[in-house]
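Novice: Please arrange chain B on chain A, whose structure you already have, making use of the hints.
Line by line, the protein sequences give chains A and B.
Taking the numbering used here, the leading residue of the first sequence gets 1, the next gets one more, and so forth.
Taking the numbering used here, the leading residue of the second sequence gets 1, the next gets one more, and so forth.
Output of the computed footprint for chain A on chain B, the stretches with three or more beta carbons under 8 Å from beta carbons of chain A: (1) 118-129; (2) 276-282.
A few chain A positions that, by computed beta-carbon distances, are all more than 10 Å from chain B: (3) Q56; (4) S61; (5) L64; (6) V122; (7) E129; (8) L285.
Label-pair restraints from in silico Cβ distances: (9) B/T2 - A/A179: 30 to 40 Å; (10) A/P144 - B/L135: 38 to 48 Å; (11) B/L114 - A/R89: 17 to 27 Å.
Quick caveat, the hints were computed from the structure, so don't treat them as lab data.
Ideal Cβ placement from N, Cα and C applies to all residues, glycine included.
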Amino acid sequence: MAYPGFETHTAPAAARAELWRTALGAVLILLVYAGLAVGFIAGAGWLLSDEVTANQIAAGSTPLAVVILLAHFAVMVIAVAVVTRLLHRRGALTLMGDRTHLLRDFLRMAGIAAAMAALATVFILLTQEITMEIAPGRWLLFLPLALPLLLLQTGAEELVFRGYLQQQLGARFGVGVRAAWMVCPALIFAVLHVDPASQGQNLWLVVLVITLFALLTADITARTGSIGAAWGLHFVNNVQALLIFSLEGPLSGLSLASLGLSAASPAALPLFAADAAVLLIVYGLWRRVHD
Amino acid sequence: MTDPYAANKRFIAPARGGARPGQFVVTALLVFFGWTFLRELVFLPIDRSDGVGATRWSFFLELAAFAVLVVVLDRVIWRAYGRRWTSLLGDPARLLPDFARVLVGCLALYLFFLLLGFDGSGASQRPLGAWVAFLPVALLGIALQTGAEEVFFRGFLHQYAAALFKHPLLWMGGPALAFGLVHAANDPTSAASVFAYVAWTTAFAVACIDLTARTGSIGAAWGLHLAVNVTALTVATTEGAPMSAAALFVYPARPDAMAGPDPAFVLFGLVFELAFLTVLWLMARNMIAR
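For reference, chain A alone in the conformation it holds in the complex (with noise of 0.2 Å):
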């Protein structure tokens, strides 16, 4: 059986899998979600007004900005975590699968995507232009506070994606129908990550090397039986894209280094393809290291 962690994973789906009830929950953790979020950066942006306006926090332009954007997916944990406890009663952790090796598969999975983020990052020192950003040190002072937060935002979408829609839909339509529980948060996940305005005509190159993300973070979470692996993979991803270079645009202010390329330009088109190369070996790794 290709999926032997799928029965634990979605085993706490179970009891509510009732497809109109995850139709309501997934559109009410949405709706949840956007009001609050909203909430949570114009009230961040009152409390702060001396330091930081909600227009920067919305567009992550400084570093102050890029955290308490990713403080704001505090929100998502809690709209999952609501609409989970309330509409199918269950606890949230309940949305992690099987907690038991948990640890042990996100490190796993981190290990080896670092492993191949460093690579990564010798190829870019030698391939791209780079310039320095931020000053070394008032980076490494913002490391402490930024990477529990890239642990919070990355446990948040993987919470909704790979525990949420993946055990509903999982559990209502069973593992033969991967359309279901894998492709449909896929495309879910692709499609709220599309953003025209920064994204420009590279769109749907990036949107197919997020699908592809989403479907190997789906099939891995169904092989392992927990979000672990999955949270790892996506933390790391994150980490190099947010912490380390990032491209000019949105959520650019806490980043180490710039490529000097937004999203949208021709020149990041090899960029986006090396992504999805680095995401495959990835996978490949982890299956001859799992398996």
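Specialist: For chain B alone, coordinates are given in the frame of chain A:
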């Protein structure tokens, strides 16, 4: 599957005896207009030129006057059906426990969400001590007002509608729409905002009727209603808005308030309001689950 509304049969039993459609309609209209008339009498000696509920005293009086609704209702149904208002409350064993549980659950949810994202930019804060000092009186007034509305809408109106009609669209939708329509005058800024207000209050009434039909008492619906109104009246208000005396934060009036807000914005906001109402209703459903 067991009938989720089994308790409703016991709840509406007192209304089954002599329920005739014509008599019900006349009784309901008599109560409504009798109450509207008496209310005006109560407020005859009171100066409301500064705005409704703008001072603490008038704020409390506006709400406490709803007690008159229960008095009128009690008199009319005694004549029409030989019933007292207490028989509209339903199962006494569930009334107060359900009320308290739903109130606590929903207020906790409100408080939690408010703490997560409260935007006070531009708002002025009133003196905290004075706000705290008035809070118990304000809460008493809001409890009276919501309690009286529940006795009328979920007690009287729902009991007789459910005794007369079989189809849920009629016994749920009818009284819910009536509840929504009597609230139409509360927000007269634009056609879109009236529509949004009526749509939301109708949906709110459906949730209250559902809770009443599930539990067989108006306790749970009263708890939800109180939580909603306490949050609406004691946290934030806009300069010059009615019933503003108990709010801690005051936002300045929008200069274009006379023209009303953008309809698209209002309808967009309605979607979020309905989503949050659904979450509140789910919280209430969880709190009444045995």
